[in-house]
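Protein chains in written order, with this note's numbering: chain A, 1 to 189; chain B, 1001 to 1105.
Rather than coming from a laboratory, the hints here were simulated on the basis of the structure.
Here a beta-carbon is modelled for each residue, glycine too, at the ideal position from N, C-alpha and C.
All the pointers check out, no bait thrown in.
Distance windows between CB atoms, simulated:
{"hint": "1", "chain 1": "A", "residue 1": "Arg39", "chain 2": "B", "residue 2": "Ala1050", "range": "47 to 53 angstroms"}
{"hint": "2", "chain 1": "B", "residue 1": "Leu1062", "chain 2": "A", "residue 2": "Asp16", "range": "46 to 52 angstroms"}
{"hint": "3", "chain 1": "A", "residue 1": "Glu64", "chain 2": "B", "residue 2": "Asp1016", "range": "15 to 21 angstroms"}
{"hint": "4", "chain 1": "A", "residue 1": "Ser40", "chain 2": "B", "residue 2": "Ala1050", "range": "44 to 50 angstroms"}
{"hint": "5", "chain 1": "B", "residue 1": "Gly1060", "chain 2": "A", "residue 2": "Ala67", "range": "48 to 54 angstroms"}
{"hint": "6", "chain 1": "B", "residue 1": "Ala1047", "chain 2": "A", "residue 2": "Asp80", "range": "32 to 38 angstroms"}
{"hint": "7", "chain 1": "A", "residue 1": "Asp16", "chain 2": "B", "residue 2": "Arg1009", "range": "29 to 35 angstroms"}
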Amino acid sequence: MAAATNPVMGREPLPDFASLVRANQAMVFSIALHYAHDRSAAEELAQDVFLQLHRSLGDMQSAEHAARWLRKVAVHRSIDHARRSRFRPQVGLEDAPEPVTPAAAGDPMLTERLRRLVASLPEKPRAVMILRYQEDLDPEEIAATLGMPLRTVKSHLQRSLVMLREKAGRAFTPAAGRQNLSTEMGEVE
Amino acid sequence: MSRLDDALREALRTQDPGPEFTARVLTAAAGARGKQSWWQLPRLRWATAAALACVLLAGGSLEYRREQEERQGRLAKQQLVLALRIAGSKLNLARDRIQRLNAGD
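Pulled out of the complex, with its shape left as it was, chain A reads as follows (with noise of 0.2 angstroms):
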């Protein structure tokens, strides 16, 4: 497949429209994945965010611009999908065992029940807490790509916190993790 001509002078032409899955399929489906924890239903909305991609290629400027706009349009998708199936974690989180003891690094476990919790947050602070930690976007980002008030942005990410270092048990209770959850919620201001 050629690259499309691109319509502004001046910048980078736009990659093929395979180039662009194959740079970008690993952040759509992870978003979709993310917000709906089930491997199937992300493949299919990722496929479809493709598929709107590629029917809107003449109005992509660059690969960046592609990939912001892949990014809104998954998380949209992702919403949308969950409000249109009144989509709930097919397993409890009551069912997650909570872990004991502190966790270590790279604890399998803990990484499960943490995806578990996210995909349990409600449709737009799950949406934030996907775009701050899989895509390391900052709250004006976050807010821009949403298009929500950077005040909400960074209230859904507070009360998420909060809320997952509750629900997430032991592994992060101050006297276990030495967490200072003070200093997490400077962060986020």
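Since chain A is already given, all that's left is putting chain B on it; use the hints.
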């Protein structure tokens, strides 16, 4: 950076769906292009619009010609009726004159 931050980054790290996914998306995109409605193809859309404009123009021209002919027909009919009326009155005049001449004899 807190441990919870690290753990969240680890839990939410990106995962590649694999090359099968890429192939599936490209196949679906090719299929979608094949199934694209004729109205979504720009060249065909312009050609259709041009053909439609031509048909409308030709139809309009035919209708104009038909109306012109109809108008000329109506005019000709009016002229014929007038000519017949004139001819009728002339015949009446001639008949009256003949009758008077016969009466004078």
